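> Sequence:
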Amino acid sequence: MENKSSQWLNKETEEGIMFFTDMLDKLHLMVTSDVDFSGPISKRNASQRHTLRDEINLLYQISALTTISILDLMTVCRGINSAANIDWLKIFYVKQGYLTIYETITHYDKEYNKLLNKLITEDHPLLIVDFKNFTNGFKKFKTNYSSRLASVRNKIAGHIHTNFVDYYSTVADFKKEDPIAIISTFLQILTELQQLTIRILPESINKTPLNIKQDK
Numbered sequence: 001m002e003n004k005s006s007q008w009l010n011k012e013t014e015e016g017i018m019f020f021t022d023m024l025d026k027l028h029l030m031v032t033s034d035v036d037f038s039g040p041i042s043k044r045n046a047s048q049r050h051t052l053r054d055e056i057n058l059l060y061q062i063s064a065l066t067t068i069s070i071l072d073l074m075t076v077c078r079g080i081n082s083a084a085n086i087d088w089l090k091i092f093y094v095k096q097g098y099l100t101i102y103e104t105i106t107h108y109d110k111e112y113n114k115l116l117n118k119l120i121t122e123d124h125p126l127l128i129v130d131f132k133n134f135t136n137g138f139k140k141f142k143t144n145y146s147s148r149l150a151s152v153r154n155k156i157a158g159h160i161h162t163n164f165v166d167y168y169s170t171v172a173d174f175k176k177e178d179p180i181a182i183i184s185t186f187l188q189i190l191t192e193l194q195q196l197t198i199r200i201l202p203e204s205i206n207k208t209p210l211n212i213k214q215d216k
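In this text, residue positions in the sequence shown follow the working numbering: the first is 1, and each later residue adds one.
Hints may be right or wrong, so weigh each one.
As the list claims (entries may be wrong) - Computed cross-link-like contacts, BS3-like style, restricted to lysine-lysine with a CA-CA straight-line distance of at most 30 Å:
| no. | residue 1 | residue 2 |
| --- | --- | --- |
| 1 | Lys90 | Lys118 |
| 2 | Lys26 | Lys155 |
| 3 | Lys114 | Lys132 |
| 4 | Lys132 | Lys175 |
| 5 | Lys175 | Lys90 |
| 6 | Lys114 | Lys140 |
| 7 | Lys90 | Lys140 |
| 8 | Lys26 | Lys132 |
| 9 | Lys140 | Lys155 |
| 10 | Lys176 | Lys142 |
| 11 | Lys140 | Lys110 |
| 12 | Lys118 | Lys142 |
| 13 | Lys114 | Lys142 |
| 14 | Lys142 | Lys132 |
| 15 | Lys155 | Lys90 |
| 16 | Lys90 | Lys142 |
| 17 | Lys175 | Lys139 |
| 18 | Lys110 | Lys132 |
| 19 | Lys175 | Lys155 |
| 20 | Lys90 | Lys176 |
| 21 | Lys139 | Lys90 |
| 22 | Lys155 | Lys142 |
| 23 | Lys118 | Lys139 |
To be verified - Label-pair distances were calculated between CB atoms; the ranges are:
| no. | residue 1 | residue 2 | range |
| --- | --- | --- | --- |
| 24 | Thr162 | Ser33 | 43 to 49 Å |
| 25 | Glu203 | Ser33 | 25 to 31 Å |
| 26 | Thr121 | Ile198 | 17 to 23 Å |
| 27 | Asp173 | Ser33 | 18 to 24 Å |
| 28 | Asp25 | Thr106 | 23 to 29 Å |
| 29 | Asp87 | Thr143 | 26 to 32 Å |
| 30 | Glu203 | Asn163 | 18 to 24 Å |
| 31 | Ile86 | Glu203 | 44 to 50 Å |
| 32 | Ala84 | Gln188 | 24 to 30 Å |
| 33 | Ile198 | Ile86 | 36 to 42 Å |
| 34 | Ala83 | Asn113 | 31 to 37 Å |
| 35 | Asp173 | Lys142 | 14 to 20 Å |
| 36 | Ala83 | Thr121 | 41 to 47 Å |
Keep in mind the hints are simulated off the structure, nothing from the lab.
All values derive from a computational prediction rather than experimental measurement.
Positions of the beta carbon are idealized from the N, C-alpha and C atoms, including for glycine.
Make a model of the complete structure from these sequences and hints.
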């Protein structure tokens, strides 16, 4: 029998998974409605201003990344909570959660961080404080957990380490930490990033289609 807290968590994650699945579907429809927004973001020099097309494409891509990651991590939380006392089920979900976080951080840092910073600084100064708050939380999380996430990714989640002792000790270290707390903290950070894109995107989309065509 599930206790009340488990029932609440399962209900919350189920509703969240349904909501973000619907969001992902709608995002896909928006992106594929115009071929200009379904490809990679164009690379520009720091001195070059971004176009409206670049801006919308960037926001779509970031929104997609955050939505996918939130969906996966909510599914992980649901799986951990439903694993009862079966340790290996919990380990499976936790290592998948850590891998998702690692890949999300790597992808965001490589593809979007500098571009979003530039966009907000130049065109959305009212969001600078919120963006700095998000960035500070993001950096603090990386400082605290990047080494651990990389270890899990390299030794047990993304790969199976050739040294069994290292593999086993990496798994055993889950008992020394609170994976749900770590995953929940990153979910909050993702939510802040998602909210930033949601606040900018409607304004960008409402700009005239003529401007988009002229930007090409």
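> Each of the hints needs a verdict: does it hold here or not?
Verification of the supplied hints:
no.: 1; hint: Lys90 x Lys118; in the structure: 40 Å, violated
no.: 2; hint: Lys26 x Lys155; in the structure: 36 Å, violated
no.: 3; hint: Lys114 x Lys132; in the structure: 13 Å, holds
no.: 4; hint: Lys132 x Lys175; in the structure: 33 Å, violated
no.: 5; hint: Lys175 x Lys90; in the structure: 11 Å, holds
no.: 6; hint: Lys114 x Lys140; in the structure: 17 Å, holds
no.: 7; hint: Lys90 x Lys140; in the structure: 26 Å, holds
no.: 8; hint: Lys26 x Lys132; in the structure: 29 Å, holds
no.: 9; hint: Lys140 x Lys155; in the structure: 24 Å, holds
no.: 10; hint: Lys176 x Lys142; in the structure: 19 Å, holds
no.: 11; hint: Lys140 x Lys110; in the structure: 18 Å, holds
no.: 12; hint: Lys118 x Lys142; in the structure: 21 Å, holds
no.: 13; hint: Lys114 x Lys142; in the structure: 16 Å, holds
no.: 14; hint: Lys142 x Lys132; in the structure: 15 Å, holds
no.: 15; hint: Lys155 x Lys90; in the structure: 17 Å, holds
no.: 16; hint: Lys90 x Lys142; in the structure: 23 Å, holds
no.: 17; hint: Lys175 x Lys139; in the structure: 25 Å, holds
no.: 18; hint: Lys110 x Lys132; in the structure: 18 Å, holds
no.: 19; hint: Lys175 x Lys155; in the structure: 17 Å, holds
no.: 20; hint: Lys90 x Lys176; in the structure: 14 Å, holds
no.: 21; hint: Lys139 x Lys90; in the structure: 27 Å, holds
no.: 22; hint: Lys155 x Lys142; in the structure: 19 Å, holds
no.: 23; hint: Lys118 x Lys139; in the structure: 17 Å, holds
no.: 24; hint: Thr162 x Ser33: 43 to 49 Å; in the structure: 47 Å, holds
no.: 25; hint: Glu203 x Ser33: 25 to 31 Å; in the structure: 18 Å, violated
no.: 26; hint: Thr121 x Ile198: 17 to 23 Å; in the structure: 19 Å, holds
no.: 27; hint: Asp173 x Ser33: 18 to 24 Å; in the structure: 46 Å, violated
no.: 28; hint: Asp25 x Thr106: 23 to 29 Å; in the structure: 26 Å, holds
no.: 29; hint: Asp87 x Thr143: 26 to 32 Å; in the structure: 29 Å, holds
no.: 30; hint: Glu203 x Asn163: 18 to 24 Å; in the structure: 52 Å, violated
no.: 31; hint: Ile86 x Glu203: 44 to 50 Å; in the structure: 48 Å, holds
no.: 32; hint: Ala84 x Gln188: 24 to 30 Å; in the structure: 26 Å, holds
no.: 33; hint: Ile198 x Ile86: 36 to 42 Å; in the structure: 38 Å, holds
no.: 34; hint: Ala83 x Asn113: 31 to 37 Å; in the structure: 34 Å, holds
no.: 35; hint: Asp173 x Lys142: 14 to 20 Å; in the structure: 18 Å, holds
no.: 36; hint: Ala83 x Thr121: 41 to 47 Å; in the structure: 44 Å, holds
Going through the hint list in order, the structure does not satisfy hints 1, 2, 4, 25, 27, 30.
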